[in-house]
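Visitor: Protein chains in written order, with my numbering: chain A, 9 to 264; chain B, 9 to 264.
Keep in mind the hints are simulated off the structure, nothing from the lab.
Watch out, some of these pointers could steer you wrong.
Unchecked claim - If you want the footprint, here are the derived chain B segments under chain A, 3+ residues with CB under 8 Å:
1) 14-25
2) 162-168
As the list claims (entries may be wrong) - Listed next, the stretches of chain B that the computed footprint assigns to chain A, with coverage defined by at least 3 CB atoms under 8 Å from CB atoms of chain A:
3) 32-43
4) 214-225
To be verified - Residues from chain A shown here face chain B by an in silico Cβ test under 8 Å; the list is partial:
5) PRO13
6) VAL14
7) GLY33
8) ILE36
9) TRP177
10) GLY183
11) LEU219
12) VAL226
Cβ coordinates follow ideal geometry from the N, Cα and C atoms, glycine included.
Number of protein chains: 2
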Amino acid sequence: MASEPVTLTALRDFPMVEPGDDLAGMIIDGLRRTGIQPRDGDVLVLAQKIVSKAEGRYVELKGVAPSARAVELARATGKDPRMVELILAESSEVVKYGPGVLVAEHRLGFVMANAGIDQSNIDHPDGNERALLLPEDPDAACAAIKAHLDAAFGVDFGVVINDSFGRPWRQGVTGVALGAAGLPALLNLIGAPDLFGRTMRITEVAVADELAAAASLVMGQTDAGRPVIHVRGMRWDAPARPAADLRRPRQQDMFR
Amino acid sequence: MASEPVTLTALRDFPMVEPGDDLAGMIIDGLRRTGIQPRDGDVLVLAQKIVSKAEGRYVELKGVAPSARAVELARATGKDPRMVELILAESSEVVKYGPGVLVAEHRLGFVMANAGIDQSNIDHPDGNERALLLPEDPDAACAAIKAHLDAAFGVDFGVVINDSFGRPWRQGVTGVALGAAGLPALLNLIGAPDLFGRTMRITEVAVADELAAAASLVMGQTDAGRPVIHVRGMRWDAPARPAADLRRPRQQDMFR
């Protein structure tokens, strides 16, 4: 909810991120460079790629040996068998596949194309092809970065890691939250009366996904020079919940 | 894409909307009341409910006679047979159903719970239960409102109508675009090189859905007093496309 205008500002001139970089320190520098004086409730949305890169989640494809199942799925989908092997290794379940498409449930519970494994915006040193896996534990990464930021500025931040997913029934990708800390990723409205005192039919809002989508608008897609977005003006009277709470339990999901 | 900060501002003290109201005129008044001087590229995101209300899309449930199929689906889902009848009348296909759940493809091509028909935030005069259908043609409604706004201020607006949908695999609803005018609802990045000159794997971004989600954060859910959100700072070098382009053709969709 917001009563003041909400502003989204890209941190200026964010440097390229390399494995082992101090991402929290880079964000602290970026806030100062952009001239932002942090306040309680400010949210920072981080592109998945920079978190994965700082964590060194690269895999060189030439070292990947595809299993028989990966070879079979590669044939059915037209994908590189080594990429399929990585997807299977990162996944708990293949949800759907077909020509050009492999939708899998990532071990973290996200259902997405290629289990979120990326080959774009990644440099290829010496011509070696690399893929970039999702962060090891996005909610934990958000909590760790939040702890650094809170300590540096003495305020209470929210932190979100976003990525772009496709979805059923609709064209185009949208920003989605992989991780969250310091805000209610899922906001419970159960029992809140609507304007006419009737109990709300809509019960839960995926606040972190909406923040992820809003930040994605400002990040753009081709310009990795805007991987951190500062959001000001949101306010919630609800306890913080991680992005893990956005995963629908398998037994409650009709679309498998 | 954005290089300046993006700001989202709720129009102040927006009045209740009644059937036949001049919604464009109310938005023009609201912009002035909020002290916003419109500029080229400003976007207005309108909650579906106010567009439906202005169009008078109410149906009194007591006048609805459920068909045999509606009675059968009502039994399977635990829903009011009259609501199910309305859902079927507005739909081209029932996609999934089960206890408490009826997912249908609306005649406009949106796949959503209850075909988007709403019983919340609707007053019930004389105790008569009413439902509110989606706008007749959301893209056309956006284009008509855009024409009024453009003429009133002499600038080039974008207009989006949003709603909150649930989705497979993830908890919580998020804002989604039902209609759009004056902006690329779907932004094509095919062929755009990424930072390292590699061709992008992500080809299309659902910009109107991301705007819808961002505005939803500012609208809130229980407070229908913020149904119009002004967005400033977005910029696209791409032709306008309607929200109809966000509907994935049935034959390209694996999740039916």
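Visitor: Taking each numbered hint in turn, which are not upheld by the structure, reported in ascending numerical order?
Guide: 2, 3, 7, 8
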